[in-house]
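**Q** Chain by chain, the residues run as shown.
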Amino acid sequence: MKEFMFIFRQPSYDHSKVSPTEMQAITKKWTDWRESITSRGHLVNHGSRLSLEGKVLKAGGVVTDGPFVEIREMLGGFMVVKAESLEDATTLAHGCPALDVNGSVEIRPLYV
Amino acid sequence: MEKEYESLKELFQREFSKMVAVISKRFGLQHIETAEDIVSETFLLAAETWGLKGIPENPAAWLYTVARQKTLYHFRRNKIFEEKIVPAIHSEEKDNETDELNFSRQNIRDSQLQMIFAICNPAIASEAQIGLALRILCGFGIDEIAEAFLTSKDTVNKRLFRAKEKLRTEKVTMEMPPENEIPGRLDNVLHTIYLLFSEGYYSSTQNQILRKDLCLEALRLGVMLTEYEKTNLPKTNALLALMCFHSSRFHARETDKGSMILYDQQNKELWDIELINQGLYFLNLSEQGEEVSSYHLEARIAYWHCTSEDTKEKWENILYLYDQLLSVNYSPSVALNRVFALYKANVDLPDKMGQKMALAEAEKLNLGNNHFYFLLLGELYKNIDNEKAKYNLQKAFSMARTQAEKQGISEKIDSLQKTGISTNF
Chain A
1 MKEFMFIFRQ PSYDHSKVSP TEMQAITKKW TDWRESITSR GHLVNHGSRL SLEGKVLKAG
61 GVVTDGPFVE IREMLGGFMV VKAESLEDAT TLAHGCPALD VNGSVEIRPL YV
Chain B
1001 MEKEYESLKE LFQREFSKMV AVISKRFGLQ HIETAEDIVS ETFLLAAETW GLKGIPENPA
1061 AWLYTVARQK TLYHFRRNKI FEEKIVPAIH SEEKDNETDE LNFSRQNIRD SQLQMIFAIC
1121 NPAIASEAQI GLALRILCGF GIDEIAEAFL TSKDTVNKRL FRAKEKLRTE KVTMEMPPEN
1181 EIPGRLDNVL HTIYLLFSEG YYSSTQNQIL RKDLCLEALR LGVMLTEYEK TNLPKTNALL
1241 ALMCFHSSRF HARETDKGSM ILYDQQNKEL WDIELINQGL YFLNLSEQGE EVSSYHLEAR
1301 IAYWHCTSED TKEKWENILY LYDQLLSVNY SPSVALNRVF ALYKANVDLP DKMGQKMALA
1361 EAEKLNLGNN HFYFLLLGEL YKNIDNEKAK YNLQKAFSMA RTQAEKQGIS EKIDSLQKTG
1421 ISTNF
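In order, the protein sequence lines correspond to chains A and B. Numbered per this note's numbering, the first sequence spans residues 1 to 112. Numbered per this note's numbering, the second sequence spans residues 1001 to 1425.
These aren't lab readings, by the way, just hints derived from the structure by calculation. As the structure is a prediction and not an experimental result, all values here were calculated from the model. Glycine residues also receive a C-beta, built at the ideal position from the N, C-alpha and C atoms. One should not assume that every hint holds.
Claimed, not checked - Covered, in the sense of this in silico footprint (three residues per stretch, anywhere, with C-beta under 8 Å from a C-beta of chain B), are these stretches of chain A:
(1) 20 to 34
(2) 88 to 96
Said to hold, decoys possible - Taking lysine-lysine and the BS3-like style, the derived pairs with C-alpha atoms no more than 27 Å apart in a straight line are:
(3) B:K1009 - A:K17
(4) B:K1312 - B:K1352
(5) B:K1406 - A:K29
(6) A:K82 - B:K1158
(7) B:K1352 - A:K17
(8) B:K1171 - B:K1212
What the hints assert, rightly or not - Distance windows between CB atoms, simulated:
(9) A:G95 - B:T1065: 50 to 60 Å
(10) A:P109 - B:L1216: 49 to 59 Å
(11) A:R108 - B:Q1208: 46 to 56 Å
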């Protein structure tokens, strides 16, 4: 089995309109999806969600407050799974809740 | 999952009001929208992280930590912190050295109480006020508020925006009123809670769960006031008693299909005894002291309605209480209810004397735009002048707002026609 990283990108959707009921539903979606991967023994590391705040260091020592406002999709988090092939790993990514909000999952093999 | 919460939804809802209160107290009420954003963002991060990693041992502490970081980051980045907030903090509260948000139990409670007083400010129009209370004090989502008011999210957003604007222009601050002003300011708070409860109890939305939620929130806010010595006044307890008595009929007043059952047709077995007892507990506490507020009177009226037997004593008491209520707080609907009590208290007089007495009083009220008025006239004309009874009931029918009401009225019209026939034969 090889290892793959899932990289979640999500649009910066308007969180202020998300109600407590929806928040609960979002948690459940991620739990269910993770469970579908864990229960089949594919999980290596459930990774982390990234905070929205941050800084970007560019060549020449320029530091900015992250290009968050301008970009359409931002890096939201990552996770590491194991699978036989890139195709199998891609199959696992189906159902990721990031897709529900018009986000994406990038699947990249890891060199160990 | 912490045991004090039944679901994540409830956790988010409760912690929302706590965290927004603490952040707003720390940085000023003019930043209330930023506080809301920070808390919502924290929740979204929580929703996704907890979904991936599982819910932490102490979810509230997790939320506080993240919100603390986000808040500092936000105010520092926007330089608001250094330029406006730091000088303000240093001039006003010299003893508070730290930038950190304080999520201690004590500070959460104090901030929430101050937030209640800030939001229940008479400067804000009442509909906007209930909306704002639902959002800020109860942690409801915009869509839930829109559903409660049967209006669009846009309208709710605009209303809330204007209400917050008002908080700014009126320079409302988060602090407890001076001790001698508390009883007066508390009246506004109690009134808002009363409106919130009424919105749930008589709401136009068909969503029963939502309606119950509104009533429970009103009860919760009331209980919060009793936990603080200076707001735990007899009138606070009277309002709580009133809400408990009304809530006790929640289960009995709806059919399986969700439509409403009127009071005299309810199955009394379904009344919630525990809530009635809870109401009695608050009613007892409300009777300490001199003041008799309208909540005291309404609570006692509601109490008598919780006694199932239709005795003369019951209706005489209710009539007496309505008379008092009218002198404290005149309103057409109270006057209308008083006439009904007058009728019920004298129903045993010979020659339909009670009915005629009530009818004369009712005609004087002349409430042309209220369908309950025509409903009452219909009831009072029954067997005195069935034509007039029918005319008034039909008028009530055409003005009734819900299907359940219309159905109830049309049943009355039908029974009127039947009694009409039976008296003819």
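**Q** Work down the list of hints and note, for each, if the structure agrees.
**A** Now for the hints, and whether the structure bears them out:
{"no.": "1", "hint": "20 to 34", "result": "holds (count 13)"}
{"no.": "2", "hint": "88 to 96", "result": "violated (count 0)"}
{"no.": "3", "hint": "B:K1009 - A:K17", "result": "15 Å, holds"}
{"no.": "4", "hint": "B:K1312 - B:K1352", "result": "15 Å, holds"}
{"no.": "5", "hint": "B:K1406 - A:K29", "result": "43 Å, violated"}
{"no.": "6", "hint": "A:K82 - B:K1158", "result": "49 Å, violated"}
{"no.": "7", "hint": "B:K1352 - A:K17", "result": "59 Å, violated"}
{"no.": "8", "hint": "B:K1171 - B:K1212", "result": "34 Å, violated"}
{"no.": "9", "hint": "A:G95 - B:T1065: 50 to 60 Å", "result": "30 Å, violated"}
{"no.": "10", "hint": "A:P109 - B:L1216: 49 to 59 Å", "result": "52 Å, holds"}
{"no.": "11", "hint": "A:R108 - B:Q1208: 46 to 56 Å", "result": "49 Å, holds"}
Comparing the model with each earlier hint shows violations of hints 2, 5, 6, 7, 8 and 9; every other hint is respected.
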